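K.L.:
One letter stands for each residue in the lines below.
There are 2 protein chains.
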Amino acid sequence: MHERPAWYDSAFMRAARREAVEYTPIWLMRQAGRYQPQYRAIREKHGFLELCKTPALAAEVMLVAVEQLGVDAAIIFADLLPILEPMGMDLEFAAGEGPAIHNPIREPADVERLVELEDLGPLEYVMETVRQTRAGLDPRLPLLGFAGAPFTLAGYAIEGGASRDFARTKRLMLTDPAAWDALLGRLARAVARYLNAQIAAGAQAVQLFDSWAGCLGPDEYRRHVLPHTRSVIAAIAPGVPVVNFATGNPTLLPLLSEAGGSVIGIDWRVRLDDAWRAVGYDRAVQGNLDPAVLLTNATEIRRHAKAILDQAAGRPGHIFNLGHGILPETPVENAVALVDAVHEFSAA
Amino acid sequence: MHERPAWYDSAFMRAARREAVEYTPIWLMRQAGRYQPQYRAIREKHGFLELCKTPALAAEVMLVAVEQLGVDAAIIFADLLPILEPMGMDLEFAAGEGPAIHNPIREPADVERLVELEDLGPLEYVMETVRQTRAGLDPRLPLLGFAGAPFTLAGYAIEGGASRDFARTKRLMLTDPAAWDALLGRLARAVARYLNAQIAAGAQAVQLFDSWAGCLGPDEYRRHVLPHTRSVIAAIAPGVPVVNFATGNPTLLPLLSEAGGSVIGIDWRVRLDDAWRAVGYDRAVQGNLDPAVLLTNATEIRRHAKAILDQAAGRPGHIFNLGHGILPETPVENAVALVDAVHEFSAA
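So the protein sequences, as listed, match chains U and E. Using our numbering, the first residue of the first sequence is number 305, and each one after it goes up by one. Using our numbering, the first residue of the second sequence is number 305, and each one after it goes up by one.
In isolation and in its complexed conformation, chain U is listed as follows (with noise of 0.2 Å):
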């Protein structure tokens, strides 16, 4: 007889089942970063993505966010990019700015330069994270994996780093159908392996990160986006959660639940209530706290907690979770104080 693992019925991976829970579990997007002063200190003597790529260290600073902050889940320290390196681009991250692409996508006809990734050998470091970060974690919470969509990835090999108003992306879009469902199937390939050789390497659940779909109108979404969505999640392994998140715009959330995910990751652009109903409530729904009110004070951030809780109360299916990362100059006590205000008023 095979025993279940700990971490089966830890609140999250019940919530992500919408089976009932004790309390509400949370987690924070971004919950080991730079607002932590260990993290500021490992950065000192680390680039970002010489962080990412030492999976003992990757592992540490997340073990350290969920000892700090108490939450129910880990997830795996890495980055959306660099799947795109053994794909060809050539990736960096200058100290103080954001990612950039010293080799973007600008013509359909550089679609060909981004390579089927046939091979997950470059990305090891990653699944060895996922190994250490499991490894030293508490048996009974589980660990995410995760990955840029289709979509923000290829918005990124396109702009070749953040962008406004993605003019470039939109129009390979727009003018060249064929060259973007190209790209976008390769990208989408790419993620579902990766995903893949991270639950295989031991993440209980995984979330996939369209942070900048936001952009995009409802009907390009479902004609341009959503298949390749879709097509990530319909290939990743049964019975592993999958959390669809996408950013910036809450008219998608029901083409987001279209394309897939037992769980939908929501923005604070939308109140959690109207989200799970426009999401469905076959769905579990992740979300939503402005990250902004992390800089506030307890008494504030008690107040927009329990809102929320209130919105969902009575159905199960809720993860706690802010509506994008935290932000770098929250205090790391008003983190606490969140978990420990969602922890208290969800089991009362």
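Warning: the hint list may mix true and false statements.
Claimed, not checked - FRET-style restraints, in silico, Cβ to Cβ:
1) Asp578/E with Ala398/U: 23 to 31 Å
2) Ala504/U with Gln372/E: 53 to 61 Å
3) Asp523/U with Ala324/E: 25 to 33 Å
4) Arg344/U with Gly392/E: 30 to 38 Å
5) Ala539/E with Asn407/U: 28 to 36 Å
6) Thr479/U with Glu371/E: 23 to 31 Å
7) Ala439/E with Thr479/U: 38 to 46 Å
8) Pro635/E with Val636/U: 46 to 54 Å
9) Pro620/U with Asp523/E: 20 to 28 Å
10) Ala398/U with Arg338/E: 22 to 30 Å
No lab work stands behind these hints, which were simulated from the structure alone. Computed from a prediction, not measured in an experiment: that's the story for all the values here. Note that CB positions come from ideal geometry on N, CA and C, so glycine has one too.
Knowing the structure of chain U, use the given hints to seat chain E on it.
P.N.:
Relative to chain U, chain E alone:
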């Protein structure tokens, strides 16, 4: 007997009153701008603020754009931020960079530094731009005035420039609502005076730009922003159409409607038919083509224009526009193709 001015029965003014039109009126946000060779030639000789403060030039760039595009309305060439100068903010537009405010509001006590705008004298160049643009414009076309909405102006005054997450703005808003309301109240009174002065100088309609409101969720917008936007709109001279425009979050649309405005501006993150339903059919709507579509080609532009017109069909009160400002890399002939397509399809 008083004869009605020629612009009164223009397609724009009729649509703003939700009266039947022979074709859908169109104008484009930032229709005078960097995408035009004529504008770039003027900007080679004059700084941006200098251009804004030289009514003859400001009128010229707009009149050239109206002529070149064949649009159905002009809007004064001006900027959201100069209103902050006579209120005590030290504003600069450095070449190649966004605007910067060198003495931003950082603490609640700083709010006092933003002084009540009693005297519109320092903004007289804007009223003169209204007069000169009106004088040069086809009498059958309306001229719009405009201003930033209180939230967006507060965001600039607090952040000191563009921002990704508006962390300082939200912190002030959430931690000191009294200081926040004092700040937005002062801005709202200033904006109302400023818009009414533009109307007195000869503008037929006005648009409020809440370019950054999309960083807020609906509960925060309702509590901290809506009352101030409402007080601006309530103070506008009766009978003058107000376009109430915000970008970045379609869930705010019913609240924009609550705040007021006979026309609600819509960005491209939502279908126009869904947006109109959310706004209420007792309002006209303006929008909502993704500006990135103008980077493609005539075929694609016509396809998108048709789709939006179809969503608005059968109901008077649609003014065609982009969902945000025209992008600098837009080919002029593509903007012309859009105007022609909207006129052609809607007259058919």
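K.L.:
May I ask you to test the hint 28 to 36 Å on the CB atoms belonging to Ala539/E and Asn407/U?
P.N.:
With a Cβ separation near 54 Å, Ala539/E and Asn407/U fall outside 28 to 36 Å, so the hint is violated.
K.L.:
For the pair Asp578/E and Ala398/U, does the Cβ-Cβ distance stay inside 23 to 31 Å?
P.N.:
violated, 41 Å
K.L.:
Assuming the hint says 46 to 54 Å, is it satisfied by the Cβ distance from Pro635/E to Val636/U or not?
P.N.:
The hint (46 to 54 Å, Cβ to Cβ) holds, given that Pro635/E and Val636/U are roughly 51 Å apart.
K.L.:
Falls inside 23 to 31 Å, the C-beta gap from Thr479/U to Glu371/E?
P.N.:
29 Å Cβ-Cβ, so the 23 to 31 Å window holds.
K.L.:
Cβ-Cβ distance between Asp523/U and Ala324/E: within 25 to 33 Å?
P.N.:
holds, 28 Å
K.L.:
How does the Cβ-Cβ distance of Pro620/U and Asp523/E compare with 20 to 28 Å: does it lie in that range?
P.N.:
holds, 24 Å
K.L.:
Taking the Cβ atom of Ala398/U and the Cβ atom of Arg338/E, is their distance within the range 22 to 30 Å?
P.N.:
holds, 28 Å
K.L.:
Falls inside 53 to 61 Å, the C-beta gap from Ala504/U to Gln372/E?
P.N.:
holds, 60 Å
K.L.:
Okay, Arg344/U versus Gly392/E on CB: inside 30 to 38 Å?
P.N.:
Since Arg344/U and Gly392/E have Cβ atoms about 36 Å apart, the given range 30 to 38 Å holds.
K.L.:
Mind checking the hinted window 38 to 46 Å against the Cβ distance between Ala439/E and Thr479/U?
P.N.:
Check passed, 42 Å falls within 38 to 46 Å.
The structure is inconsistent with the numbered hints 1, 5, although it conforms to all the rest.
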